[in-house]
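Make the full structure from the sequences, and use the hints.
From first to last, the protein sequence lines are chains A and B.
If you're matching positions, the first sequence starts at 20 in this note's numbering and goes up one per residue.
If you're matching positions, the second sequence starts at 799 in this note's numbering and goes up one per residue.
Accuracy of the hints is not assured; some may be wrong.
[As the list claims (entries may be wrong)] Some chain A residues near chain B, calculated using beta-carbon distances under 10 Å: (1) 56; (2) 67; (3) 100; (4) 119; (5) 145; (6) 152; (7) 222; (8) 242; (9) 326; (10) 385.
No lab work stands behind these hints: they were computed from the structure.
Positions of the beta carbon are idealized from the N, C-alpha and C atoms, including for glycine.
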Amino acid sequence: MRYLPLTEKDREEMRKSIGIKETKELFSDIPQDKAFYSLEGLPSALSEPELIKTFRELSLKNTYEDYTSFLGGGVYQHYCPEVVNYISGRGEFLTPYTPYQPEVSQGSLQAMFEYQTMMAMLTGMDVCNSSLYDGGTGAAEGVMLALRKARKKNRFLIAKNLHPEHIEVLETYVRNLEYKLDYVEFDKETGKLDLEDLKNKIDDNTGGILFQSPNFLGVIEEGDKISETAHDAGIYSVQVVSEAMSLVYLTPPAENGVDIVVGEAQSFGIPLGFGGPLLGFMGAKKEFMRQMPGRLVGETIDSEGNRGYVLTLSTREQHIKRERATSNICTNQAWCALRAAMYLATMGKQGLTETAKTNHLNTAYFVKQVANSSKVKVKYQKDYYNEVVVEVLGGDVDSLLKQLEAKKILAGIPLKWFYKDYENCILINLTEIHQKSDIDQLVAELGGAQ
Amino acid sequence: MKKRLPELMFNKSREGKLGASLPQRQVPETPSPIEESKIRKDIENFPQLSEVEVVRHYTNLAHLNHSVDSGFYPLGSCTMKYNPKINEKIANMERLNAHPYSPHTTVQGNLEIMKTLENWLSDITGLPAFTLTPAAGAHGELTGMMVIRQHLTAQGNPRKVVLIPDSAHGTNPATAIFCGYTTQEVPSNEEGIIEVETLKEYLNEDVAALMMTNPNTLGIFEKNILEVSKALHDNGSLLYMDGANMNAFMGIVKPGDLGVDVLHLNLHKTFSTPHGGGGPGCGPIGVVRELEKYLPVPRIEESDNGYKVQYLNDSGVGRIKNFYGNFGVMVRALVYLMELGKENIARVAEDAVLNANYIRAKLEPDLDLPFKSKTFHEVVFSDKGLPVKTLDIAKRLLDYGLHPSTVYFPLIVHGAMMIEPTETESKETLDEYINAMKKILAEARENPDFVHNAPYDTPVRRLDEVYAAKNLILKWVPEAE
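Written out as structure tokens, the structure reads:
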């Protein structure tokens, strides 16, 4: 077995050093009537060529690649420079663990420090941590962070147009804690959070509002007004960003007065990967720094005064604080954060700016072209970034999606999975990977332009 | 020449440089419907580098890292075994990289991979139902404890207290708190394990569960586990097992046969997936049949028409993560298990335990071993009676090109050195480590200050953590002009 380097001779010598005859003796503390069971029911070992064949066959059972896809809804298709795969695949980045010995981990640590810096630039926040699991758990961590800071308060308001899976995760997380979630309605006409409803629902026990922008319906929220309303009432404004590419194109959360931003940064060089691993991120104003979950890398000096990096503020973490820790998160998504840093560095200011703009212009082109269709209608035509809700007029969504599937198009996500009021709607995402011909074909199939 | 840290990329950035080859925009420039005030003007100071500069920057950073690929990495409790390269190739297969909302008919291969892995894990652990969704060990703990709470609530009373041995993993208490429980620490006996009589003193109607790490953080198997699980069950409480250390007995005994009700595994430990500098991981949980209905969504089901996904389960704990979890990690783990096959699964545990015992036998004459029970996958020494501290030895090891063990954990051992070699290390590597330890101890007896000031040959010398915590420089900022 290639991963077991001990030879029979080694084992024999080692047993002698230990003072045993058989390796089995080392396991004598295990209840012996239960130990050494038969593994006969399991398959036999496969060689490397057999493994490749097996998984190639499994992969061929997937047919999605034969389709042009417009699926978004939380993870997005973007171009990732090949060089990112090359450098992130290096063993020095892939095979260490958390940098507990910083003197031999400066590569990961400096790269993390640079990642924190770039995420701070993109969000405009004072401080960004080095990763959370994903956008959904990130949203939950954001709520818990705000409530820790708000002290005695235990109620949080959640925008109803937040990613539905994030809402599910939040509900799961808070169920057993002494926190209460209440929901703020959104205006079905504009797709935006209802500010009046927000005002009405804030009470003395409310710690903050969690909203997503662009929201799950693809609509850019009035982040500045939401934050203003929140601050006027003495509560925190927490924004979720599900499509990190939008950070490049839109006014950053900090400029809108947001206190904490959390979200999903998969768009920055992380493959779709069937939805994981992803990259949760968190940024916040300085005042939250000491309460933040997840790891933080800080700059320091060594005993000779040279620049170096360490994990810092680790007294927040569970291995030290145990039951008083700010979160139970330990293993995180560090390698995904490294990949994101490599992606951001490679794309650079110009690459990102151009790409973010192409996403929006492709979407704007789609909206314009499909406008003359009598089959479908784009629901929110004003404040979208790269994702729009398309209403199927008088028809049924399933048969339209099936028709498009027959033409090898995955047109979008049926919103009836998540909302009662949107049963005739699909969510369509356009990015820089779509060619003009892809968009034209989609438009034509939806009965527009020509 | 000693390797140095490269300049931060922000200082290398020059206006106008680009590292990517961008697709040409093909659509006509339509005016955006978004108000001007909502569009970002600039990302100030964002780096601009060419491709070759990016590659060199990260290659030079890579050279500053110790990793499993570059050398021995015996971090106790972390199972830093070799990460097979074939796993990477297969996990990166183009045709596995689907969007999670693709129609199920178009992703049958991916669903089959997940179901197959669930089945393998069930076979190895003796627990019939698995969810692969949790993103890491601690996330699995959280999910598992939620399942327990959901079950007890359904029975009429969630109860209040979770018992945690003092030799358990550090994440366990935090997990219990996040599930709405309070915790009580149960002391281990002089053998380093849970004493059934002591446990019974803690058992009452408020106790929801015991979270047992097994083998515990002393590397000792909880040999009373059958009596422990019986005592718990007699009290209407459940046994949660932290299976982070499953590498010690994979294929030797099934936790399901020992009275374990809920178990989490770490695919990034026992099942060989890379640690990535801190993640991603994957922390599946397995449960007894009675608890299956409380598992989180989504659930994958096999039917006559292929694999389907169940998104709704009113009795379950709900959703704990977006989509399906860390699919890429699951693929790697399945490749590993298929390569091991029935012939090698138990051999992994045997060699892992043999390696740890060899280190124990060779270093016991030199170091204090506070708990003398049988060693499984890791051995924990203390720095008692040494002229230098554990941290000094750890830092000096770096000069020998070796990564030290986990240090100062578990907390119940003074100056703990928790050494987990794993099965993927050769006898030559173990001997190199043993000899280095002996040399360092000799150096320490002769000249403690010399060891105390280590390391000497690393890219940076000992780093000032207090300075970092005091100044809190958490990002680069441009120098004031």
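So, going through the hints one by one against the coordinates:
no., hint, result
1, 56, "6 Å, holds"
2, 67, "6 Å, holds"
3, 100, "5 Å, holds"
4, 119, "7 Å, holds"
5, 145, "8 Å, holds"
6, 152, "4 Å, holds"
7, 222, "23 Å, violated"
8, 242, "9 Å, holds"
9, 326, "6 Å, holds"
10, 385, "9 Å, holds"
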